[in-house]
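Trainee: Please work from the sequences and hints to get the whole structure.
Read top to bottom, the protein sequences are chains V and R.
Residue numbering for the first sequence follows this note's numbering, starting at 1 and increasing by one per position.
Residue numbering for the second sequence follows this note's numbering, starting at 226 and increasing by one per position.
Bear in mind the hints are in silico, worked out from the structure with no lab data behind them.
All clues given are correct.
If you only want the chain V side, here are some residues facing chain R, beta carbon under 10 angstroms, derived:
id : residue
1  : Lys68
2  : Ala84
3  : Glu85
4  : His121
5  : Leu160
6  : Leu176
7  : Leu210
8  : Glu215
C-beta atoms are modelled at their ideal positions from N, C-alpha and C, and glycine is treated no differently.
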Amino acid sequence: MGSVGLALPWEHKLLAVARDGERRVESGKGQAETVRTSEEPPQDAAVAAACLSGNLQGYERLYQWQGKRMKNLARNLLGSPMDAEDAVQETFLKIQRSISGFRGQSSFVTWTFRILVNTCHDLRRSRVRRKDQVNEDVDSLPPHKELRAPGAHPSLRMALESALDRLSAHQRDVFLLYEVEGFRHAEIAGMLEISETASKNTLFQAKRNLRSMLEPPRSSATGAI
Amino acid sequence: MSIDCNDRRRILLDGSSDEWAALEQHAKSCAACAKELRAWKQLSVAAGELRDYQESPALWSRIESSLRQQQAAPAPPKSFWIFLDSWRRISTAWRSALAGAMAILLAISSVYLYKHPARPVVNQGNALLKTSALAEVERTEREYISAIDKLAANTSPQLNVDTPLMASYREKLLVLDSAIADLRAQAGENPSYAHLHYQLLAMYQAKQQTLEDVLETKR
Ligand SMILES: [Zn+2]
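Mentor: Next up, the structure:
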């Protein structure tokens with residue numbers, strides 16, 4: 001292994017993560033099958049039907065089923081737990097307003113996350129606009145980070161977060177939906193209204209960009225090939 | 226299965242599990258592929274650091290009470306805004322079909338709004354704008370138009386690319402333009418009707434966001 005060289009500065013932390021045994025151990029394509037749990041058609045249809053009937057318990061079931069994942073995605077897109085909660089709340093309100101328009105052309109979860117992603121984009125944009133009014137450069141605007149619950153590897157997380165901020169919104173969405181939330185490309189395609197191939201390509205570009213951002217400069221990458 | 230370094234990119238992008246196994250096998254004797262594969266997997270592992278599924282004890286009750294409030298509130302009248310608000314949630318395949326239907330709905334909505342001019346579409350206070358408020362609203366509209374013109378010039382090369390995504394954006398912009406033209410005509414006839422201006426502003430905002438989305442795809 002030593003002959004391969006450790007190209008990424010945070011590699012030792014990754015090894016520690018892998019040793020924890022709690023995280024997915026990569027094999028094959030590099031995605032743990034255990035997190036691909038989003039497709040549960042019976043529950044999906046039942047929750048959609050309950051929401052359609054106007055029963056608030058339907059929304060509660062949706063929240064219990066997907067709420068944590070929704071908030072996690074929103075937090076990664078917006079950089080703040082408080083904004084994330086606002087985005088999740090707004091998403092539920094939008095679902096209630098437009099549930100009669102849901103025709104099952106995608107799964108209910110896909111539809112829900114499409115609304116969530118759009119809501120996060122709108123929130124992010126409105127924050128950029130507010131900043132814009134005080135003459136700040138849009139591209140230099142960092143998401144306003146807040147303290148999170150202490151993670152095992154804060155510096156690794158911060159490095160990745162800061163690299164993600166430099167990706168295009170599209171690449172960031174796909175990376176977070178696929179690698180963090182464990183959605184399949186077919187689901188992501190439905191959420192972002194792109195083709196499955198486009199989702200795969202975007203993930204590839206995102207990972208390639210992240211890799212180059214997280215890799216140390218060539219001169220100091222001893223052992224890198 | 227026999228693969229070499231030239232297959233790596235394709236497999237990383239969209240390889241079958243057999244191909245991944247073959248790449249792993251190949252990487253045992255190829256340092257370049259081993260390094261690449263390793264970095265690739267590390268990113269997936271690192272992504273786990275962004276997974277923080279903690280309970281948010283107060284969030285559900287907050288959502289529930291806002292859902293209850295919204296449920297109890299009278300339904301707003303059908304308006305362009307509502308149609309456009311749901312536009313983004315409709316699959317691309319539906320959009321073409323809906324574009325036609327939308328034109329009809331826009332016409333119906335126009336008649337509705339014409340017959341119910343005093344009913345505010347959103348909670349925006351008075352139905353009639355005072356002169357000073359009207360001047361302010363018109364100034365905002367002019368700012369939107371100017372910003373949109375600039376954006377439109379920037380997005381024009383991107384928009385004309387022949388991809389399904391761009392076709393969908395073009396369709397959406399057509400519908401927005403048609404709604405804007407319609408509202409502007411109505412606002413021209415009834416300049417002090419607040420709801421027309423609010424809808425127009427919402428429409429401009431939707432157009433600006435759409436153009437920004439187009440620009441975003443280029444980044
Ligand atoms: Zn090789």
